[in-house]
Amino acid sequence: MTDQAQLLPGTLDLLILRAVSLGPLHGYGILLRIGQISGNALLIEQGALYPGLFRLVRQGLLKASWGTSENNRRAKFYELTTAGRKRLLQETESWNRLAGAIATALAPQPEEV
Amino acid sequence: MRIVDSLRFRIAALFQRSQVRAEMEEELRSHIQHRADDLERSGLTRAEAERRARIEFGASEKYHEAIQSAIGASFVTTWLQDARFSLRQLRKSPGFTTAAIVTLALAICANAVVFGVMDGLVLRPLNVPKSENLYGTLYGNNSAWQSYPNFLDLRERSHSFEELAAFNFAFVGFDTGKDPAAATGFAASGNYFDVLRVQPYLGRFFHASDEHGINSAPYVVLTYAYWHSRFHDDQGAVGRIIEVNKHPFTIIGVAPPGFQGTLMFVSPDFFMPMVNQTQLSGWDPNARGDTGGVFEEFGHLKPGVTFAQAMDDVDAVDAYLAKTYPREVVAKHTVLATEGLTSFGPPVRAFVTGLMALACLILLAACANLGSLFAARAADRSREVALRLALGSSRKRILRQLFTEAILVSTAGGALGVSGSFVLLRRLSTWQPLPAVPIHMPVNPDAKLFVFALVLALASGFLFALVPVRQVLRANPYEIVKAGSGARFSKRLTTRDVLVVIQIAICAVLVTSSMVAVRGLILSLHSNFGFEPRNTMTAGVNLAMAGYPTDKVPAMQRRMIDTIANIPGVEHVGMVNDYPPLVYASATRANVFKEDVSDRKPANATIMPYTYSVSPDYFAAAGTSLLAGRGFSWHDDRNAPAVAIVNRDFAIRVFGSVMAALDRNMTLQDGTRVQIAGVVEDGKYLSLTETQEPALFLPSLRTPTASAYLIVRSHRDPQQLAATMRLKLRELDAGLPIDLQTWNTLLGTVLLPSWIATMALGVMGFLGAMLSITGIFGMAAYSVSKRLRELGIRMALGATRTEVLSAALGRSLKLLAFGSVAGLIAGLLGTRILASIVYQATPRDPLVLAGAVIAMALLGLLATWIPAQRALSVNPLMLLREE
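Top line first, the protein sequences correspond to chains C and W. If you're matching positions, the first sequence starts at 320 in the working numbering and goes up one per residue. If you're matching positions, the second sequence starts at 2 in the working numbering and goes up one per residue.
So here's chain W without its partners, still in its complex pose (with noise of 0.2 Å):
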């Protein structure tokens, strides 16, 4: 009650200010009169104890500033006060305020982003109710049990989840009547949905009661942002009949807007029932060794369940399965983990972290940078602060101005860094990398970001203001004001050294760190794939979209390799089934055993290659060149003898040479006895960081596949061909959905992590540049302001150029020599965390080395050309007829 009085008293006192300033006034008008009063009585005329009364109370002013400090209105009224002076302060060196402003809008900016991509990947959970608590196993190199056979057994027969759900890609060719086109859908389920926990936005779900066996249930829910862009937010869209891959669908139902399926990245178009992939791809739900039958299977731990059980159950579950199943199942340790980032999750998080933490570096230089400039600023004003302290004010006053200043000027540079965060992370939000897979950023910038960058933006503010306040309050006002300005330049090592050494340090750690991934990443781009990606144009073709059957495809594959090697300009045409090596890290393993081993369980595998199903002319056309023996021809089919070709590291691995191997044979899991028939060199299959796999190729012929890509080796224009090769496919089928782009594009997915460090690594270094740049430079420009006088004095005595500039920077020389050895050896010992995410980011480079080293160099030698300049323009005459 009473702080509540109080309170209205002080938020009264403040906005009546005049008015309880006249009260004031008034009462003490009325104490005088009284006064005055007595004095009369004492004999006094009316105006001479008028006058002794007033003589008598004293100046009222000081009366009055007590008053307001007694009832609590000073510290606003003295704040706006410092607000105002502080304003006028920074109005008069507008290059201070803007390097101030705009270093930490930069250092907020950068900070506010990665929070906001932090928040939106590694922090926020799947935007479904109790995400929490909801675990999958994760896709990756443990998933060889994800079949849909085994998902069924893992419900049945694990009891830490209330209940399991599953879904997979279905990349389909979906008609609405008018347009063609491809599109990305979740296959999931029946159950799907009510595990989620989400409800429908429009009609109705599929539940797991829809399911009635293989293609019982060809319905589709469409995602929010699918039928907003597809169908135009159309009510009637619902019951509509609608073609995937020439089959009938039934649109059913519309998802909730917030709602993007189970993943983070991938925003998918539609869901449907995962039986009926059958119909669209040929799946058979009843392999139990299909490694890609189930991309995920999750559900809500039941409560009480820990994390540590649910894993113990579903090992459990995989022993049963490997001994149960020997010959299809390879007992695994599955691991779960909160649904959405997938086996993505680990990395992501640490690059994240990192990325925060030298976003956390970036803005600390800025503090040093901004400290450092603060502190200059307040050695500057000390005979103005001299003078004030002379004139009676407390220190206190005074450090509060300072503090008021810095305040100004964080919340500035805040503001202005919180909106930059806003306009990139709405960019980003809405970022499409590579466009055909629908690859989404959920980065959403909310009020907590905005808290985020304020609270940083205050916290840095006072971390530099704090910079100044032993100088401040060790100044001695007599001292100062006699000694003039700027008198004394000791030698010792200041704060203001220190700072400039860490500054300069963190951001010769971010330079060089920036300078590690970019070599990195070209060094990527140049190494051996094993195939050429230049002069390659693929075309992606998925004969299932349009309707073929099985026994159809091997035919219309050889007419459509034919047509497009009869273009003109056109060197090699090839052929691999599903995906080339290297895109949309999709490389499958199969078993291969040696021709002796008589029991073909996974455990006594000989070896595990990557596998791809290639056309004859497919080596020729992706530039893998044969090592020995040959390659295949359009005879290697399901009537001739089983042959394959292996790469180089299979040969050595297996049988010590690339020539031992010639016409050995070897097994493959479902007995098939198979010829070496040819080697090639080695490449790389599923990822650029991995070391050297072995990989194996058998004749397309024999395993045809509906989805596939052609190679096409041309030195054409790629747009000419692009255009050219669309129209000769169509002229074989004018329904073909056809995917045509270079194979570079294509390895833009395996790149695009790298690609996304190394471009915010380069920023990170951008801003480490800029930063350093104007450290050295407000270092070296405040130096030569304090010893022109002295450098004049020098010159007079004639003192050599290089004698004048190494007195001018000599310092600021030593302090940035001294920060970027630091920081280049507190760089190069980083960058080993980088190399788990950038390919070949080794530190032991040595152009890397060379190159931080020059880069630090020619940083310091820009920063410190214009003061430089200033010093080596000193006319003594002049200066010392000014002082």
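For reference, chain C alone in the conformation it holds in the complex (with noise of 0.2 Å):
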């Protein structure tokens, strides 16, 4: 558990957007998957997804229908819409560029050696 990092305030949206890029997906299915992918490192709330899903669906990047779950039970499964596939690409544009950035800017310079 410890070991798992906090998430940055706002890259929860882009993870949900990743993890249901891959096939329709119910709340607690976008959550293993999320794990799943990250190699278990990221550590969200299960309850702090719900508010990021509701928002998701309202800017019509999300879409939301009910159906039956693989253990049979009912749930509501979200699917990405063509903005959300859209967003997905730019964000995921614009986070390695933060990120390589960061990497760049956190490097050790050659003067420091």
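Any given hint could turn out to be false.
To be verified - Restraint ranges, calculated between C-beta atoms of paired labels, are given here: (1) W:D39 - C:S384: 19 to 25 Å; (2) W:P95 - C:K405: 45 to 51 Å; (3) W:E57 - C:A422: 30 to 36 Å; (4) C:R404 - W:T496: 51 to 57 Å.
As the list claims (entries may be wrong) - Covered stretches of chain C (in silico footprint by chain W; criterion: 3 or more residues with CB under 8 Å from a CB of chain W, positions within the stretch not fixed): (5) 331-339; (6) 384-392.
Said to hold, decoys possible - Computed, partial: chain C to chain W, Cβ under 8 Å: (7) Y369; (8) K395; (9) A426.
Everything labelled a hint here was simulated from the structure, so no lab data went into it. Where is the CB? At the ideal position from N, CA and C, for every residue including glycine.
Join the two chains, each given in its own frame, into one complex according to the hints.
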């Protein structure tokens, strides 16, 4: 548990979009999928997921529909809309740019050695 | 598209809140079930798995709130929560709530009423198409050339107007066959309605093509209101023949409901062609020097013509007329203005604007008042606020709740105020201050007024809610909870103090200016008019209305005078042609020349006195004292040498002294040489505010006029006397239309503007006084309640009553004195503006000064009385035990 990293503000939405991009999922499934694709390195409070989901639905990036889960239970499934897919691409790109820049900035500089 | 969706979502979220919540709960439940499934698979029992899943998930309530805020329904829901909470809070302190709402309602009501009047009189043009482009020549001192021939010349020679029309008043007897009654009409040029571009409601209007010379168009167009009241909406009225001053006229149409002629203040009963005025009043359409020939001329400016160009154009015609007809026309600069208010325009505009400024001051004072009330309230609630902060509420939320409270108060106050103003304005629009004149206030409360009041209410709510903001932002929950309530009462000048001073200053301004106005009115009622209106009855009789030809007028008037003189108790009976001095602002001037002036063009006139034609006993009846020489006698008719009587001012201006004027000669415009037989005291002629003017009196027997007023001096009861007079005059001729009023009632017209101004300012002053009472009271009561414990200790230690009082109220009184002085000074400076409207409104009147000071002191005393009583009745033992 202790080696799990706290989420940076604003990154949850990106993770949700990424998780859902692989196919429709219900809330708990998204949580599992994020754990799986991040190698269980990220800590997400279970309930904190839902405000994010509702927000993305409101923004038109996700659409939700009720269905039956693999456990044969009623669950709300989320999938990407076209706008959501576009947003995911943009966000991924800008995240990569930011991460690259920060990595460069933090990398040991020649004069430090 | 997305905005619409999002909006729909929000609205749906708002209205189906329970449904959304249920769905949310189901989703969270499903989540926990799935988690429990996983846990169960790892070997736990189902019950244990579900318990663990729920614990892991945590309190779902927290997420509900977050989800609510994420989907956006939160603003409205939290606002509703705030509103409910605020309502509860307000209900808990009904005194505060009532005071706040009533204060604001009064201020909003005052503003809305003044705005309604301003909208009706100043902002809104006449109710005709394209009225913003409709300009007219102003009546007034510059009207000397507005005779009918000059109007025709202006119409021919000016190039700025699409077409010019003109109108004049016609005060006539209107006989439908059953009930002859006096009526007010507009005698208009044939093109009047066509220039105004209005269409008839019934029948037709008259047009320029109906005019074929003098008395050629005996037609009458009724206004809608007159058709309604006199003809009871009878469609058959059109086509009927009625009698106007005993001459047959045909009703040809009815004007549309919203159309009330071309004057805002006066709504006529009917319209008739100007050319037919001759048969009604002996009006001479060819008299170029007839200053009363036309009231106003107006028309639409041609497209592209500017106001300045039109003025130049009219000036050029002025100059042409003065050059061509030097005997009759005075060269004067004619003033054009948008049609409707005539020469009342500038003073009305100035007064209404001033009134609006005062109303705004009232609102500002009310805001300051409410601001300090809210600040005091916020201070009292600082413990509650501190607790809420400590329990995790955000400052934003607390402020929002404060604003919600303020907005609730301001909405309630605004609603109350606007309803009050609607009632008042409706009253005002049907108000008839003078029974004889169809004065009409064109005020109609409408949606614009409603929006104005609402915006004002909300803005002021916002303003006074701003006051305690800093207090809340600064609040340190730890300190406040530790220190307990109200322990601190700093010596420092707080916002609240400043607000109280501002508010008292504003109120003092209002009180002072209303006192100046009231004092001015009282002075004007008791100033020397040059006649004595008390114990005087007047009888206006227009013999033309009863069909008398001009040559029979003098004999009939003599019979009327003799008949009334024989009534027991009547001391003197006089008669003055047209109107007595100061009545209906109708005085006319004449050009008078020194004997040796040979070229009698107006520019050479020695003096231009107001001129009256009066009967022999007029001066005695009017109570005007004769300073030298003799009055008129019944021998001063056309066969006797012409004589005149002048006032003191005339004598001094022309001859240097009263005695020097006696028996000297002057020449009138028409060449008549008159000898000055007597000199009478000075008086007021056109208005109460005029500076001393010369006056000339001629014997009425030389220039008989059908329209005249009898002046009857008697100490009998006016009601009885009027009844007897009516009886006796009806015995002479049953068909005489008689206007019987006391002279004082008649003077109402002259005093009306200053009376209205005084009333308005009086109301403003009263509002100011009320506000200052509530303001000082709030301040004093608050400071006493805050310091009760301290006062108790002081008393226990042996402080005297004076010391306790000064400790409790010293600060309030100091603020009061400070504010009052500031307000008095501002008020006295401001009353200079009043001087133009209210007669003798001088700010340097010691009585006014003393009055204002005493008024403010009394208000202070009144407002601090209850708090002082409370401070004195403090029981130290009880208090100390309580804490």
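Taking the hints in turn, this is what the structure says about them:
1. Hint check: D39 of chain W to S384 of chain C, Cβ distance near 23 Å, so the stated range 19 to 25 Å holds.
2. Checked against the given bound of 45 to 51 Å, the beta carbons of P95 of chain W and K405 of chain C, roughly 58 Å apart, lie outside it.
3. For E57 of chain W and A422 of chain C, the Cβ-Cβ distance of about 34 Å falls inside the hinted range of 30 to 36 Å, so the restraint holds.
4. Between R404 of chain C and T496 of chain W the Cβ separation comes to about 56 Å, which falls inside the hinted range of 51 to 57 Å.
5. For the stretch 331-339 of chain C, the stated coverage by chain W is not satisfied: 0 residues place a CB nearer than 8 Å to a CB of that chain, which falls below the threshold of 3.
6. Residues of the stretch 384-392 of chain C with a Cβ under 8 Å from some Cβ of chain W number 3, which satisfies the need for three, so the listed coverage holds.
7. Hint status for Y369 of chain C relative to chain W: holds, with the closest Cβ pair at about 5 Å, below 8 Å.
8. The beta carbon of K395 of chain C is positioned within 8 Å of a beta carbon in chain W (closest approach about 5 Å), and the interface hint is therefore held.
9. Given hint, A426 of chain C at the interface with chain W, is violated; its Cβ is 37 Å from that chain's nearest Cβ, farther than 8 Å.
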